[in-house]
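Chains as they are written, first to last, in the working numbering: chain A, 288 to 360; chain B, 26 to 170.
Source of the hints: derived by calculation from the structure; they are not laboratory data.
Model, not experiment: these values are computed from the prediction.
Computed beta-carbon distance windows for the label pairs: (1) B:Asp150 - A:Gly348: 35 to 43 Å; (2) B:Lys81 - A:Ser323: 25 to 33 Å; (3) A:Ala310 - B:Arg124: 44 to 52 Å; (4) A:Glu320 - B:Asn41: 44 to 52 Å; (5) A:Lys346 - B:Leu46: 40 to 48 Å.
Every residue, glycine too, gets a C-beta built ideally from N, C-alpha and C.
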Amino acid sequence: MITVEFLGPLSKEPMEVDIKNLAELKDILKDDESLSEWLDSVAVALNDEIVSSLDIELKDGDRVSLLPPVCGG
Amino acid sequence: MLEIHKDSLDVKEIQNRWYDLVRDKNHGALITFIGIVRDEDEIEGLSFDIYEPILKKWYSEWVEKLQKFDARLFMAHSQGDVLLHESSFMCGISSPKRRVSLEMIDKFVEDFKANAPIWKYDMRDGKRIFVKERGTKLPNSGVLR
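So here's chain A without its partners, still in its complex pose:
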């Protein structure tokens, strides 16, 4: 199982999904109305490394995080 976390203002509880590849996550999230305005602007991290494509195989226990636009300070 993969844990997906929604950071900062996404304010959605983490979810567990059974997916083998990051591209499958896109299919799950695209129908989620609470996220539709965000998908254009969030970055995705896999085990705390930002990814540049969804063409990545996942293994059990991986953590995916969605990061909206940042503004620290």
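Since the structure of chain A is already known, use the hints to place chain B on it.
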């Protein structure tokens, strides 16, 4: 040293502590940046969420980079609520001579603004309101589009 504090920073305590830490290293310069919440747009203050795992990673890359110049890095950030004219963010760089500190503090603060996984909310009427347009997209944002 990366510090995360609940709500606003105790500026004087942090500043003095960093200075004390630098004195023993025979560094000739310590440049400190203190970020202060401005009174704008009728906000009561700002509130912050931090994603620590990625922040720590980002921070340690900077520590390593600065070690090559024999420079030392300090940073403190608030998690939670910071009222007007209080501080939410401090950082400092010390080095044997001033040039490294002066140049690197600029680069560090700009990189922080662009990449640190921290989200800021306006505080209004007891609520936290995220202003999306104020944020900076991280690299490869929109990959889920």
